[in-house]
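> Construct the complete structure from the given sequences, taking the supplied hints into account.
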Amino acid sequence: MSDAVRFGLVGYGSGGRIFHAPLIASAAGIEFLGVVTTNEERRKELAGNLPGKAAFDSIAALKEAGAEAVAISTPVTTHAELALEAIAHGLHVVVDKPFTLDAPRAREVVAAAKAKGVLLSVYQNRRYDSDFRTLRRLIDDGQFGTVRRFESRFERWSPERKPGPAGGGTLLDFGSHLVDQALVLNGPAVRAYAEVRGSGELDDDFFLALHHVNGVESHLWGSWRQGAPGPRYRVAGTTGTFVIAGIDGQEAELKAGRSPADLGDQWGVEAEETWGRIYRGDDGTRVRSERGRWDLYYPAFAAAVRGEGPLPVDPNDVVRNMTVLDAARESARSGQAIRL
-7 MSDAVRFGLV GYGSGGRIFH APLIASAAGI EFLGVVTTNE ERRKELAGNL
43 PGKAAFDSIA ALKEAGAEAV AISTPVTTHA ELALEAIAHG LHVVVDKPFT
93 LDAPRAREVV AAAKAKGVLL SVYQNRRYDS DFRTLRRLID DGQFGTVRRF
143 ESRFERWSPE RKPGPAGGGT LLDFGSHLVD QALVLNGPAV RAYAEVRGSG
193 ELDDDFFLAL HHVNGVESHL WGSWRQGAPG PRYRVAGTTG TFVIAGIDGQ
243 EAELKAGRSP ADLGDQWGVE AEETWGRIYR GDDGTRVRSE RGRWDLYYPA
293 FAAAVRGEGP LPVDPNDVVR NMTVLDAARE SARSGQAIRL
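Each residue of the sequence shown is one higher than the one before, starting from -7 at the first, in the numbering used here.
Since the hints were derived computationally from the structure, they do not count as laboratory data.
Small disclaimer: the values here were computed from a predicted structure and weren't measured.
Label pairs and their in silico Cβ distance ranges:
# : residue 1 : residue 2 : range
1 : Pro151    : His211    : 20 to 26 Å
2 : Thr70     : Ala237    : 32 to 38 Å
3 : Asp306    : Glu32     : 36 to 42 Å
Restricting the straight-line Cα-Cα distance to at most 30 Å, the calculated cross-link-like pairs of lysine-lysine (DSSO-like) are:
# : residue 1 : residue 2
4 : Lys55     : Lys106
5 : Lys45     : Lys108
6 : Lys247    : Lys45
Just so you know, even glycine gets a beta-carbon here, dropped at the ideal spot from N, CA and C.
Written out as structure tokens, the structure is:
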């Protein structure tokens, strides 16, 4: 552990507790110091979940304890402020998604990190989903020709859920992943059109269409009140269409209290019955799913801190993503497609 990156976490709500702490704690090349939280209930949960990990009152206190890097998992309304504070202390920073509330604020944080000479990344863990990694492999191998239409969904049936202002709404929450994946696979977009609906303070249902420079049309859906969720992906190419129904299983594993430290090589392995298929008419051929590898993100960030590899997610990518999401909100308000 002598060369391990000394890492802290800010926030121990559901995001920090479920999606970050177990992965940081089990990551190679990282010494997990503890969590910044002043909430007594969260401190008790930390002591029960991760005995021996310290609770800190502030980012400054975390820095004084020897931290070199920090992950921020708090409500999106606080992300920019906390990221700027960590950067000012000279810490390398991972920010959960949504990165910020809009693109101008994202640019400000990215510029601050560059000026300070610290590394900055966003936690786009869905780039490491089993289904997304499988899709990238199939596209790279030309398994269903040239992609023409890319359909991607995060749809759930929880109509009682009311997204609050602290989360930024479903377009910002689910859209941060869906847009990122669409741009990674299909390149930059030149036009965005969105429809957004909400039954609470903020939107809980959206549709977003992107036209990419290479001619691909991306259709993205996010919803908490979809009674019949569609397939996770339906990607149409010139020689076939790839369809996969269910969502990657790593979220369910973490919510069940399991981590890569527990499951080892079985972490992220999808059961054969959940694998996707390539269709050519009625002929559907099952294709092997790649392992989900959320466990690779933090080791990759630690390696980047040590100068031994690239950042797992370039911060300029999040500015590009936020620009698209800003355009989507403008489109939903105006009813018009927006040029990017």
